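Participant: Sequence:
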Amino acid sequence: MTGRRALTPMQLQEAKDAFDLFDTTGTNTIEQKELKIALMTLGFNISKEELRTVVSELDSSNTTTIDFKDFIQIVETLLPSRDPVKELTEAFNLFDIDHTGRITAKNIMDVVASMDEQLTEPEIHEIIAEADKRGEGDITLEEFIDLIKDNAIF
Numbered sequence: 001m002t003g004r005r006a007l008t009p010m011q012l013q014e015a016k017d018a019f020d021l022f023d024t025t026g027t028n029t030i031e032q033k034e035l036k037i038a039l040m041t042l043g044f045n046i047s048k049e050e051l052r053t054v055v056s057e058l059d060s061s062n063t064t065t066i067d068f069k070d071f072i073q074i075v076e077t078l079l080p081s082r083d084p085v086k087e088l089t090e091a092f093n094l095f096d097i098d099h100t101g102r103i104t105a106k107n108i109m110d111v112v113a114s115m116d117e118q119l120t121e122p123e124i125h126e127i128i129a130e131a132d133k134r135g136e137g138d139i140t141l142e143e144f145i146d147l148i149k150d151n152a153i154f
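Using the UniProt record's numbering, the first residue of the sequence shown is number 1, and each one after it goes up by one.
The hints are simulated quantities; they were obtained by calculation from the structure and are not laboratory data. All of these numbers come straight from a predicted model, not from anything done at the bench. Check each hint, because a few of them may be wrong.
Stated by the list, open to error - Ranges between beta-carbon positions, derived for each pair: (1) D110 with E57: 31 to 39 Å; (2) E117 with T53: 41 to 49 Å; (3) F95 with N28: 15 to 23 Å; (4) M115 with D20: 14 to 22 Å; (5) E90 with V55: 18 to 26 Å; (6) K106 with K86: 23 to 31 Å; (7) Q32 with R134: 41 to 49 Å.
Ideal Cβ positions, reconstructed from N, Cα and C, are used throughout, including at glycine.
The whole structure should be built from the sequences, with the hints applied where relevant.
Facilitator: Structure follows, in structure tokens:
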């Protein structure tokens with residue numbers, strides 16, 4: 001694969017943590033169908049077609065699972081082509097369900113619930129408080145980008 005950029009130790013650890021979330025069997029592999037979600041946890045938002053292309057370029061002959069080595073190859077391949085502002089805008093839009101240009105606590109609760117995940121109301125309000133520099137009780141795109149950039153490793 002060409003165009004790869006080696007990960008920093010911190011990025012490597014973050015990638016390992018994301019991979020481990022989906023390696024529920026402890027076999028150092030994840031299902032290919034989980035790959036897109038694992039990459040999303042690292043901030044990558046790629047189409048199914050792009051994902052198929054990247055996976056097809058792997059040296060591995062296994063077509064159903066991805067091991068950690070292959071996962072790192074994929075991350076290193078995708079890293080140089082990222083457009084973080086575009087990706088963050090798309091992520092913001094996923095939370096801005098009612099298209100107001102702001103993310104509310106209810107928006108976060110709805111999105112998290114749709115993913116079968118759970119955050120408590122205090123946790124959601126803590127996220128909003130951290131991001132909401134204007135003190136209006138919601139998050140704008142600019143605040144969202146600042147929040148993610150301040151906490152991002154990738």
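Participant: Give a verdict on every hint.
Facilitator: Hints, one by one, checked against the model:
1. D110 with E57: 31 to 39 Å: holds, 37 Å
2. E117 with T53: 41 to 49 Å: violated, 29 Å
3. F95 with N28: 15 to 23 Å: violated, 32 Å
4. M115 with D20: 14 to 22 Å: holds, 18 Å
5. E90 with V55: 18 to 26 Å: Given about 21 Å between the Cβ atoms, the range holds.
6. K106 with K86: 23 to 31 Å: holds, 26 Å
7. Q32 with R134: 41 to 49 Å: The hint (41 to 49 Å, Cβ to Cβ) holds, given that Q32 and R134 are roughly 42 Å apart.
Checked against the numbered hints above, the structure breaks hints 2, 3 and satisfies the rest.
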